[in-house]
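Asks: Residue numbers (this note's numbering), protein chains in the order written: chain A, 1 to 205; chain B, 1001 to 1838; chain C, 2001 to 2609; chain D, 3001 to 3104.
Just so you know, the hints here were simulated from the structure itself, not pulled from any lab data. Computed from a predicted model, the values in this text were never measured in an experiment. One or more of the hints may lead you astray.
[Said to hold, decoys possible] Only pairs whose alpha carbons sit at most 25 Å apart, straight line, appear in this in silico PhoX-like list of lysine-lysine:
#1 Lys2434(C) with Lys1031(B)
#2 Lys2516(C) with Lys1031(B)
#3 Lys2223(C) with Lys1678(B)
#4 Lys1035(B) with Lys2434(C)
#5 Lys2170(C) with Lys2093(C)
#6 Lys1678(B) with Lys2362(C)
[Said to hold, decoys possible] Covered by chain D, according to a simulated footprint, are these stretches of chain A (three or more residues, beta-carbon under 8 Å):
#7 11-19
#8 44-50
#9 153-159
Ideal Cβ positions, reconstructed from N, Cα and C, are used throughout, including at glycine.
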Amino acid sequence: MTPGSALFIVSAVLCLAGAVTTVVSRSPVRAAMGLLGTILGIALLFLKLRAEFLSAIQLIVYAGAVVVLFVFVIMLLGTDAGSEPESEARSKIAPPLAGGMFLAFATALFGLLGGAIKTPTAFTVPSPDHGTIEAVGTEMFQNTLVPFELTTALLIVAVVGAIAVGRGRQGQKPNQRVIKNPQDFYVGPVMERDNVSQPEPKESV
Amino acid sequence: MDIFPTNDFTLLAVILSFPLIGAFVNGVFGKRLGKEAVTLMALSAIGVPFLASVATFSKLLDIRAVQHAAGAGSADHVEQGARLYWHAWDWLDLAWTGGETTLSVAFSVDGLSGIMALVVTGVGFLIHVYSTSYMADDPGYHRFFSYLNLFIFSMLVLILGDSLPVLFVGWEGVGLCSYLLIGFWFQDDANAAAGKKAFLVNRIGDFGLLVAMALLLRYTGSLSWEGIEANSGNLPNQILKVWQMPEVLAFSFLPDWLLLNEPTIATLIGLCLFLGCAGKSAQLPLYVWLPDAMAGPTPVSALIHAATMVTAGVYLVCRLSFLFVLSPATMFTIAMTGALTAVFAATIAFVQNDIKKVLAYSTVSQLGYMFLGVGVGAFTAGFFHVLTHAFFKACLFLGAGSVIHTMHSRIHDTDSSQDGRNMGGLRAYMPVTCVTFFVSCLAIAGVFPLSGFFSKDAILIGALTNTVSSSGGVHDAFVWPEWAGSVLFGMGLIGAVMTAFYMARLYIMIFEGDFKGWSIVAGWKEPEGHDHHDDHGDGDEPIDGPAPHESPNAMTAPLLVLAALAAVSGLLSAHDLGTHWLDHWLDPVFANALGNVVTDAEAGSMVPYIASAATFAGLGGAYFVYVMRGGDPARELAEKVPALHELIYDKWRIDELYDELFVATLETLAEVSIFLDKWVVDGIIARASAGVVAGAGSVLRLFQVGRVQAYAAAMVIGSVAFAGFFLLPHARVQLNGDLSNGQYELVASPGLGYQYSWDLDGDGEFAEDDFADKNTANIRLNTGKTVEVGLKVRNAFGLIRTVTIPLTRPDPSADETETAGVQGRATGQLADIEGRQR
Amino acid sequence: MNALRDAGIEMIPYLIAFVVGYLMPWRKEWFERFAVGSVAALSVAFVLGLWPDKAVEVAETRPEEWGHLLNLIVFLPLIAAIAVVFLPRQSPKLLKQFTMVVLGVDFLASLALLGVPMSEGWHFQYVTEWVPSLGIRYHVAIDGISVWLVLLSTLSTPIALHVSFGSIKKRTKELCFAFLMLHGAMMGAFVSLDLFLFFVFWELMLVPMILIIGIWGGVEKIKASYKFFLYTMAGSMMMLAAILYMAWVFHSIEGYWTFDYLALKRLVLPEDAAFWCFAGFALAFLIKVPMFPFHTWLPDAHVQAPTGGSIILAAVLLKLGTYGYIRFCMGMFEGPAWEASATLAGVAVAGGIFYGALCAWKQSDIKRLVAYSSVAHLGFVMLGLFSGTHAGVSGAIVQMINHGISTGALFLLVGVIYDRRHTRQIADFGGLAKVMPVYTALFVLVTMASVGVPGTNGFVGEFMVIMGTMVSDSLGRHATPAAVGASFGVILAALYMLSMVQRVFFGPLNNPKNEKLTDINSRELVAVAPLVALIFVFGLFPNILLSRMNDSVGATVRHLAEGRIAYEAHAGATTAKLRPKRGGPWEAGHPSPPQVADVAVALNAGADK
Amino acid sequence: MLPGSVVEHYLALSGAIFTLGAMGFLMRRNVLIQLMSIELMLNAVNLLLVSYNRVHAGNMTGQVFAFFVIAVAAAEAAVGLAIVLSYFRIRGTVQSDEADSLRH
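The following block holds chain A by itself, in its conformation from the complex:
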């Protein structure tokens, strides 16, 4: 049992546990912590796989930003936001059915593929700076510069989009009547159950 394989086992367990808690837990906060666990586990694995830069990025971006964002939003909406609505007899069988089928497929697929692998492929000995920031940097700025620039554009668009969507309608001119009822934002065809104040649009002859 070399320290490397021990590291692998620990991080694998960490990842799986995190994943399971994310999927199963009732409260979203605990799910977020599960996700954090998985991310840390993968960061560890990155280290084992000689991808320091990536594990750093993983920690900074994923652990630092994305999970924090999730927790922030959960707190904003209130931890009970996702509670099951009272009596909604939403067809109970659709999601579990889908999940079950997917599980069946996944096991069949991996079993099938696993069985087919006769000879495990070992790792090759990498060059010394494999995975370091210099190597990733040179690769990124030489061969894959265009995707890099496109990613920057993507990020800007995402930021602007997030702000626009997140801010909602407050951006109206000051004399705009303050919207007491959130339903008013929504001008599209309204479901019966949401039809609180919207008069039924007159059917044009």
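Take the given structure of chain A and dock chains B, C and D to it, following the hints.
Replies: Just chains B, C and D now, with coordinates in the frame of chain A:
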């Protein structure tokens, strides 16, 4: 210097253009020009063409005189008659694989149309003069004269046209004008309906003419008179094979001529043309529009429905006489229809009280006589009756018009002002109208010296003696029945008696006895004591409405002229008095028509005396019934058999029959087609397809449940299926090579990272681990041997599928058909073998 | 020096565009005008850049004919339609005048077409490459048949627009845009000789018609415009398939791509392929005509369309179906056309003339009645085409033009009373003659033309069709019954028209609302006058029409007969054959195989390797 | 061979994580949890990318690609959460079942 050369006779342009200009000016500027200008325009528009027609006629006379002088020597010389042409412009040209002909707007006048032009413009002019005062106080004065001028123009186009299409232009033009004139007082729905009815029935006739023109174009290649005459020679020999009459339907029991199972083209064309003539000249099947046409003003009835338009049919038959005689069947049909119409219309005229209706039915009956005449081949006699009828019938109508005019001033209701029962004793009040009416009555009855006698006798002689023989028509099975002569003559005689009777009745009803018109004025009180009859002059005037008075000169002058013409015109061709001018005049027109007509002269010698006897019998009878017995026998007969009287009074209820038979079927057809259109045609193509699309749409809508996860699940299932297809190996083998030498080649379908191992000798075990990349294998089989070829396929993921392909080589020693069958099945099987899974 | 001059000339279109943009009245500050001007200049530059400059003058245009006349006639309205969009919406008067001026210029240009005697061969032919790799060419030309249809539409569009300006007050800009685009598309369809180009114009024509029916129509306008669109679209899909198949067959034989009519005309397809291609084309055109089973869109479209729309729909759009049949069905599929003519003639007589007349008789709505009468009249036209004789075909073309004039005038007059009473039900009228004498006179006159009284134009067409049908040999023994049936249609025509006239005009005036109706005003009179005049001119002097279309109809009939013989000779084969080139005037403008040099990148070059 | 020394182990691990993520997305109705399970799936893919880059160590494309995946995931998370925020403002809940008004 001949300013009007024969082949470019521009005088015709003058004759034609004046009425057209008159119609246009009156129609468009009439209201602004005022009554006097309209009258001047209208009269000149007809007067000038009349003078031009007279000039044309004189030129024709000169040419005939020259020909006569030139040919005086030889006895058998037949003058070929004069014909003056005027070619206006090329109208259109028809070309087809069979030939090419140019239809030009060309006019020509010869003996026949010369006389017709004279009649049309002459009588037309008189009627125009008459209507200036008859329609004096009508608001639509200018509109009336515009239509009347347009009518004269169309009539002139009809008779002066040099080809059938130009005649057709005039033909429908007069139909249009009669529609406008009958429906002149359009405020009253009945008049408009009468106009429409006239136009539609005429249109049915025009349908016949159109078909005849089409047939003529196809079988003679031309539509002008000369063209048709030139190559109408072999018409009787051609048969129209549209559909073979199946034997079982051949009604063999019917006489051949009735069945017309082999109609020659000549008969077909003749019958179609006659359908046109029947429509226009109100013969039996299509006469229903003429009595209703009395809804128009009386001068219209006089001009159109007595003198000119209705005779167009007879003119056409005379013009194409050479075509009609080619088919005795057609001639017989014309003669029989004419005779039947004469008798039938006369019966209805017996009981009518409205004097215009009586005259209308008498016109129909007289037209029947004309068609009887031309039907039996006596074309000159028929045309002569057209002439004389134009005069006395116009005079009768105008006389009736002046009577109605005065009655109208007494009571402003059109129906009662035309009802004969309100009249009587007008002889005292309207002497001129009475005399002219009397002369015309005698003329139409056929009293000796007057024109009616001569023209009707000529027809009766013709009916008795003429037979039309089919000159060499191979296929025309019809032979002129020998009983035809006596039957036609008999019907003609009965018609003559009836005509004399009802005309006398009409005269007596209007002019004899005492005036029954006092009481019709509302609020009139019978002046007590004295008898009106004898103190009409000096007694106190009846309380309301002016006493009947003689019509103004503008109305009586034409009456006198027409009455004189009616009396004198008989001399044109009075055989008994030895004058045969009209026959010689028209000989060239009917020259080659009379070839087919056989007349045995001496049988007709007694006819004039029999005819006069018939006439006097009719007149005496009427005098006896209505004057000596004051109309009692008629009333008793009416009470004795009221149903028959009612039936005849309702005009044998023919109109109702047509409504029931034709109009009703058309209406149901229209209803059905509208329903069909809305629900079946539209239903299938538009509504059904829309329904299908909507239905499919609503089915697919069920799948959109709206929840993200449901869609995600569907996506997962889809990807699973997709992945499955790609991951699992497939083994499909294509086998080609030809069966004869047993050399086959098996080709397995390629795939992603596929490797194959074959077991060619069918013993079941495969070369264990040599999964080579080669996917083809060759195998040799000798005859009749079968082998199970095995194949293992391994894909990239190492999954293996085994397939066995049964191969059999047919044994050629089996019989031929079997091999062919097998061959077919084998190659089919060869092409795509889906092996059985082991 | 002349380089500078050339550059100057080169700059002219941009300068004009800039000036027009600059002078646009609706912007006050100068820099806004400058901006609009530069945008206009740029757009012109863009369009010119797009324009294929290599004018491959394949056919030697005749010296006396100006090559670009047809381009002017086709593209002036289209460009004007785009220009109208830039004009200010607030001043309808400017829009109206601009549109009428453009249509007037277009009419004058089309009059110039008459300057040249339409002798054998194509006239005013203009050919340029459009999509060289696919062999699609911008090939426009005109001959005796299409010259009159072009003139008919350049005459009726301004009249229709003039009338609709009187009655339609809202959305004038869209109205002008729709009519100009419709006019341009129709012109294009009539003159294009490249099947692809024809298809483009054929589809382009639908869009403005949908707008016209959809925006200014009656109550159920949307449903009617859908129905109209779907019917024509379904048909043209079949046609597109047939076009593509034939182009592919031609390519497989000759090796190069072309969609040119003259080239595809030489194709002799095997029996079943020929039948199906013919069926595809025929379906598209028979729906448009409309022929019996596919006619139900016409009454709905007419009833819901505004007056102007109805006039154009009746006068020109229906003629595209019949023109298409002459040009493409009888032009390219002589064999199947010959064989199918007997059955189709039966459908034309029974389904068109009888059925149309019977349906028309009991209609309660005037426009629906006149729509069914169009079905009947076009039954005559199709019968003339199926007869396949010179007389029949020229009669059909004359009937097409006359139907356009008389039915256009009828719809115009119906529009007159619709604008006053806003109802089309016959029962609402009665005794109008007393109140509107001039209008009644005009209506009766046009009715006579529609019914086909000799002396008016209606008669000439029907007469020639009946004569042509009787002497036709493609109809064989069905010729006589078809001719008799057609002549019987003459009676039914009188029946339904006169009964309508009597119910509307004659009889007592009992409806109080009709008493105050004003007679026809000057605007409407100006619109209807040319049509009424033409009714008599073409009625008395049809040779004006016939003399010009003689050669092309003769050629069509001759080619029909030759094509049939070639088709029957080729009957047994399973692969297509290409007839040798005839040469002569009718083949001028035939596409030549592209030189290898300029098609290096061509699709087929690659495909062939 | 030791655990972690052969790429197939990483393959199995990332497969498991991916499956869990997918099941989470399909089964849970809370939108936030669904977003988190998407992140799980993305992480699993990243792991696989990096591990196979270790197998073919010639160039760094695997890791660079993983980097881009992270960037995209971050953007996606941001926008996703913004949408969840406004969705909550309208619906008052983050149940993904509520958002089915685009059904008909």
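Asks: Now tell me if each hint is right for this structure.
Replies: The hints, checked one at a time:
1. Pair hint Lys2434(C) plus Lys1031(B) holds up; C-alpha atoms about 15 Å apart against a cutoff of 25 Å.
2. Proposed proximity of Lys2516(C) and Lys1031(B) is supported: the alpha carbons are some 22 Å apart, at most 25 Å.
3. As the CA atoms of Lys2223(C) and Lys1678(B) are separated by approximately 15 Å, the hinted pair is consistent with the 25 Å bound.
4. Restraint check for Lys1035(B) and Lys2434(C): the C-alpha separation of about 20 Å stays at or below 25 Å, so the hint holds.
5. Our distance criterion of 25 Å between C-alpha atoms is met by Lys2170(C) and Lys2093(C), whose separation comes to about 12 Å.
6. Straight-line distance between C-alpha atoms of Lys1678(B) and Lys2362(C) comes to about 13 Å, which keeps the hinted pair within the 25 Å bound.
7. Check result for the region 11-19 of chain A against chain D: holds, 4 residues qualifying (beta carbon to beta carbon below 8 Å, three or more required).
8. Counting residues of the region 44-50 of chain A whose beta-carbon sits less than 8 Å from any beta-carbon of chain D gives 5, enough to reach three: the coverage restraint holds.
9. Counting residues of the region 153-159 of chain A whose CB lies closer than 8 Å to any CB of chain D gives 5, so the stated coverage by that chain holds, three being the minimum.
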